[in-house]
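There are 2 protein chains.
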Amino acid sequence: MTDQPLSIDDVLTTVRDALDRGAIQDAIAVLEQLRPPDQAEVFEELDTDDQAALLPRLEPDDSANILEELEDEDAADVAEQIDPTSLARILDEMEPDEAADLLGDLDPDHARRALAQMEEADDVRPLLIHSDDSAGGLMTSEFLVLRQRMTVQDAIQALREWSPSEDFAYYLYVVDRDNVLRGVVSLRKLITADPRALLQDIMDTDLITVKAGTDQEEVARIMSKYDLLALPVVNDAGHMLGVITYDDVVDVIEEEASEDILHLGGVLDEESAVGPVRTSVRRRLPWLYVNLVTAFLAAGVISLFKGTIERVAILAAFQAIVAGQGGNAGTQALTVMVRSLALGEINLRDTWRALVKEVAVGLINGLAVGAVVGLIVFILQGDPLLGLIISLAMVGNLIAAGIAGTLVPITLRRFKFDPALGSGVIVTTVTDVCGFGLFLGLATVFIQWLT
Amino acid sequence: MTDQPLSIDDVLTTVRDALDRGAIQDAIAVLEQLRPPDQAEVFEELDTDDQAALLPRLEPDDSANILEELEDEDAADVAEQIDPTSLARILDEMEPDEAADLLGDLDPDHARRALAQMEEADDVRPLLIHSDDSAGGLMTSEFLVLRQRMTVQDAIQALREWSPSEDFAYYLYVVDRDNVLRGVVSLRKLITADPRALLQDIMDTDLITVKAGTDQEEVARIMSKYDLLALPVVNDAGHMLGVITYDDVVDVIEEEASEDILHLGGVLDEESAVGPVRTSVRRRLPWLYVNLVTAFLAAGVISLFKGTIERVAILAAFQAIVAGQGGNAGTQALTVMVRSLALGEINLRDTWRALVKEVAVGLINGLAVGAVVGLIVFILQGDPLLGLIISLAMVGNLIAAGIAGTLVPITLRRFKFDPALGSGVIVTTVTDVCGFGLFLGLATVFIQWLT
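Protein chains in written order, with the working numbering: chain B, 178 to 628; chain R, 178 to 628.
These are computed hints drawn from the structure, not numbers from a lab. Ideal placement from N, C-alpha and C gives every residue a C-beta, glycine not left out. A hint or two may mislead.
Chain R regions said to be covered by chain B (calculated; three or more residues, Cβ under 8 angstroms) [as the list claims (entries may be wrong)]:
#1 327 to 337
#2 509 to 519
#3 528 to 534
Bound conformation, chain B alone (with noise of 0.2 angstroms):
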């Protein structure tokens, strides 16, 4: 990047010496030579304190700004400790989607009094009522709507007469005399168009909208298929409530995959590998909890044969090999799935052909990883029988792992769950179980035979 003259460590040296010396109009200045997102860049690692105290003092576009790129927990605490008067400053700042799910994250007394001292009031209240991950959750309010019959003369003195507080408005929404949206013309093409025109006359009537109940996982789907730039959001009368811009859809697509990778990663929540301990044992150990129980389980299975395994010592030693290859087979089975899953690949009607598929791809690697496995063993412990029972194994291990990699996120979808939340749990309790009770179960039953 050129062109960008100070690094964010050497600013936040400055400014955290500055608040250190009390000295907060340095610190002000300072910050105020960084472009904004490198402002909240600068903002996040400083203590709730420092923020509270400095953030009324900044310009409120450049508040409403930082609020906006910190994270919305970290948000919500800088701006339940500004007096109600500071914060509506900076909320009428803010973009009305941003402000309104800042405001809903907010205590409920703090939340209204700042609201009923904004200007913008009217343009954050309708949007309150959306779930923040919801179609109504990301649009905003500010967009431009124009009269069918108009002429593209008259929309370019409309476009110089408002004033958005974001600049890239790069549509302009076209109703009829209902206040139905019938179009869409792009700023290239009234730029380009002959000034006489009607917007209907040069409108793009190809529409793709959304309902503000649309999930924001779908919302990101269809602007990331159709390479849009926003995507406005009707009612049932087809009246425009908002639009979404495209910052927003970079934002839920990352948020969905951090979501799916933590969950697939057994972490309840998005955190920052230098976040606070708390936090990090809060969004863990409920899980390691519901782990013991299985672990438990698989324990139990194992405890079944104890006779056996008091008998061949060294089982105790293979049936992890067993168990631990089926549940990294499962959870690639699993990863696979979940992420078809996120980006819309399949869908609930391609159950049977990717099951077909899950149970051919375990019965190959199964032979494949069992014959190397069970020749190992046979050279190892010199008995054929034990190499072939762990092969055996293997390869029903290697098949139940691809049947609930498949499964258990698919039906957790249909039941309307996160596909990625607790499936890990289940395919390994699937796959451990099955590991330690076919291997020590075919143990037990050639035990005579084994040396």
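Chain B is already provided as a structure; the job is to place chain R on it using the hints.
Coordinates of chain R only, in the frame set by chain B:
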């Protein structure tokens, strides 16, 4: 979504029926009623032979759109079956960056012959030298550059005469007399400015640019952070080489997230849940073999304590709990670290801070889980010493999990490897070896007092 008259499934059935009857014209007529991304969705489901038969007969800009939407490998498979002359017509309609990517994936001979017949070959040729996953590989060479001493009116005239293949040119780039990039003007600014103003007086000079060699992950991070619709690529002299548009970034973000998710899940490369079995086996089996080495390592640790297990066979059941919980905790730490690295939330200088944090989380979670496990084991077996041993082993293993979960991805990143790829195996190997070793080792030391 409104105004979508035909479902993808219906169209697919109709197209397949038409192709079976040999009625290619009917298939084309149905396809051309759809939007290009929907055409691509139908197209993907067809056999390569049908695809190659259809593609040259569609409108070249529809064919171009379809090739852009297909997965890189699939697009190359079809393009190889189309004669160079027809292919050149389609490539002419593609965005230059996409055309260059496709040509790079083709058999060099076929690519050379198609390129030789292209009208837009000059736009595409300079892009061929850049790697697909760098800024140079993402950028398009279609952009409008204007002199800073031009008036707004002249700029609008230039815009009228310019006809890019895509509609979303939102920024105009302004250069000085040495062709060095100096500023940017949005269409909104252009429309609302005084027609006689000079571009240099209305342009935004706070430019963010990248070099052609910048990695696509870094490009996505910059565009997402600064909410950019387009990012100019410049050479060392400050001359513009191309522009990266936001739609490419959405693809990069999804691609990088997929890669991280699949790599963490032990899958080597992108695959779909309903893709061919052969591909899945090829992308998963190598990983299972890698895992096998580590599984035998863990089994080797267990076999060191064969004598202990012969005397107290129930240890074989409880060892699975210690290793399993360690694996889960390690995966949690690893997942958070990989995601934080991917989102640029942390970098290498935060290593120490992250490590201290993870050790603390490991200690706390280890004590919390260890106490419960110790108590349950004590109740089940009536042996307080065994309960204490499993508790201690659990605490030790969860600390090891935190350390491995932090250092493995950071070390991979430091040596320029993907922190998601392979880190899962290494971390679970550490937790298996530590878990089995600590638990069985302690049990061996205290075996005479174990009941």
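Verification of the supplied hints:
no., hint, result
1, 327 to 337, "holds (count 3)"
2, 509 to 519, "holds (count 9)"
3, 528 to 534, "holds (count 3)"
Checked against the numbered hints given earlier, the structure satisfies every one of them.
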